[in-house]
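Please work from the sequences and hints to get the whole structure.
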Amino acid sequence: MKSKHVAVLLGGFSSERPVSLSSGKACADELEKEGYQVTRVDVGRDVGSVLAELKPDVAFNALHGPFGEDGTIQGILEYLAIPYTHSGVLASALAMNKEQAKRVAKSIGMPVAESKVTSRFAIQDKHPMKPPYVVKPVSEGSSFGVVIVSEGQSHPPQVIGSSEWKYGDTVMVERYIHGRELTCAVMGDVALGVCEIIPTGHSFYDYDSKYVAGGSKHECPAKVSPNIYQKIQTLALKAHQVIGCRGVSRSDFRYDDRHSENGEVVWLEVNTQPGMTPTSLVPEIAAHAGHSFGDLLSWMVEDASCLR
27 MKSKHVAVLL
37 GGFSSERPVS
47 LSSGKACADE
57 LEKEGYQVTR
67 VDVGRDVGSV
77 LAELKPDVAF
87 NALHGPFGED
97 GTIQGILEYL
107 AIPYTHSGVL
117 ASALAMNKEQ
127 AKRVAKSIGM
137 PVAESKVTSR
147 FAIQDKHPMK
157 PPYVVKPVSE
167 GSSFGVVIVS
177 EGQSHPPQVI
187 GSSEWKYGDT
197 VMVERYIHGR
207 ELTCAVMGDV
217 ALGVCEIIPT
227 GHSFYDYDSK
237 YVAGGSKHEC
247 PAKVSPNIYQ
257 KIQTLALKAH
267 QVIGCRGVSR
277 SDFRYDDRHS
287 ENGEVVWLEV
297 NTQPGMTPTS
307 LVPEIAAHAG
317 HSFGDLLSWM
327 VEDASCLR
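Okay, so the sequence shown: first residue is 27 according to the working numbering, each after it adds one.
Hints are computed from structural coordinates only; laboratory data are not their basis. No residue lacks a Cβ here, since even glycine has one placed at the ideal position from N, Cα and C. One or more of the hints may lead you astray.
[To be verified] Restricting the straight-line Cα-Cα distance to at most 20 Å, the calculated cross-link-like pairs of lysine-lysine (PhoX-like) are:
(1) Lys59 with Lys30
(2) Lys128 with Lys142
(3) Lys257 with Lys128
(4) Lys264 with Lys128
(5) Lys51 with Lys30
(6) Lys257 with Lys132
(7) Lys132 with Lys264
(8) Lys152 with Lys142
(9) Lys81 with Lys30
(10) Lys142 with Lys132
(11) Lys156 with Lys142
[Said to hold, decoys possible] Now the in silico label distances, taken between C-beta atoms and shown as ranges:
(12) Ser75 with Lys156: 46 to 54 Å
(13) Pro137 with Thr196: 43 to 51 Å
(14) Asp215 with Glu245: 23 to 31 Å
(15) Gly135 with Tyr105: 32 to 40 Å
(16) Ser331 with Asp195: 30 to 38 Å
So, in structure tokens, the structure goes:
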């Protein structure tokens, strides 16, 4: 029923506000083309009263980062009994916490990198593990605060202990996995294609690689052997299911094929609110699977529910 009134939730007040504004605009514009009645809601602290007055049929969640994808907005929508897109309260909170998500994934045999969680102040003077390793905030997205410590680096990264750091005091230190960056989208109970992300002029898939035009090249479908391609699809679907995701998600992987074609495949994380900007991966992967941007968004609206 295309006459549904859809509130597209965008903006918000996390570090990822610019990404959410871009995702939200793209989704709102496309949903209007699909025939839905769309209201753009730039989310503030009064979002509960705004939505209670608006009374939309569906909330399309285009928020990113804390508050938008950590179970908080999902809980508000549950209280208001407004059907919403993407994952529910528990899956959203779980996936946003990298440590807990990794524990759950590891419990069913997902291949993950060795890691430890520590205070950022505890690693100022001494390497927490032998380099190379990656330091990342426990609960941030879009590669905010990710620091790669190279092999042979004599000292831990000083930015982590500095007053400029704004990503919380708890960090995850993870073994750096050499190799290629692969990602796989899941739509409902189907794993879509696998895409390789090749950063252009960046050492890894950082914020600019994700959201600045030309920041990365996407190889869709990824040029890997059929067994690796299928393995990544299987793992992405398993992650989606064990975390309890709904709607659309995207799992990220590293694939180290330096020594053999089978190599090492490592699951990094699942994104319950993958980007929907013009340079985003999920719309591109869905297109290769035969779903136009409009079809993908319409499916997400019709899939929306409470108690997810």
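Hint check results:
| no. | hint | in the structure |
| --- | --- | --- |
| 1 | Lys59 with Lys30 | holds (13 Å) |
| 2 | Lys128 with Lys142 | holds (11 Å) |
| 3 | Lys257 with Lys128 | holds (18 Å) |
| 4 | Lys264 with Lys128 | holds (13 Å) |
| 5 | Lys51 with Lys30 | holds (18 Å) |
| 6 | Lys257 with Lys132 | holds (16 Å) |
| 7 | Lys132 with Lys264 | holds (11 Å) |
| 8 | Lys152 with Lys142 | holds (14 Å) |
| 9 | Lys81 with Lys30 | holds (11 Å) |
| 10 | Lys142 with Lys132 | holds (14 Å) |
| 11 | Lys156 with Lys142 | holds (12 Å) |
| 12 | Ser75 with Lys156: 46 to 54 Å | holds (52 Å) |
| 13 | Pro137 with Thr196: 43 to 51 Å | violated (24 Å) |
| 14 | Asp215 with Glu245: 23 to 31 Å | holds (26 Å) |
| 15 | Gly135 with Tyr105: 32 to 40 Å | holds (36 Å) |
| 16 | Ser331 with Asp195: 30 to 38 Å | holds (36 Å) |
The structure fails hint 13 only (numbered hints given earlier).
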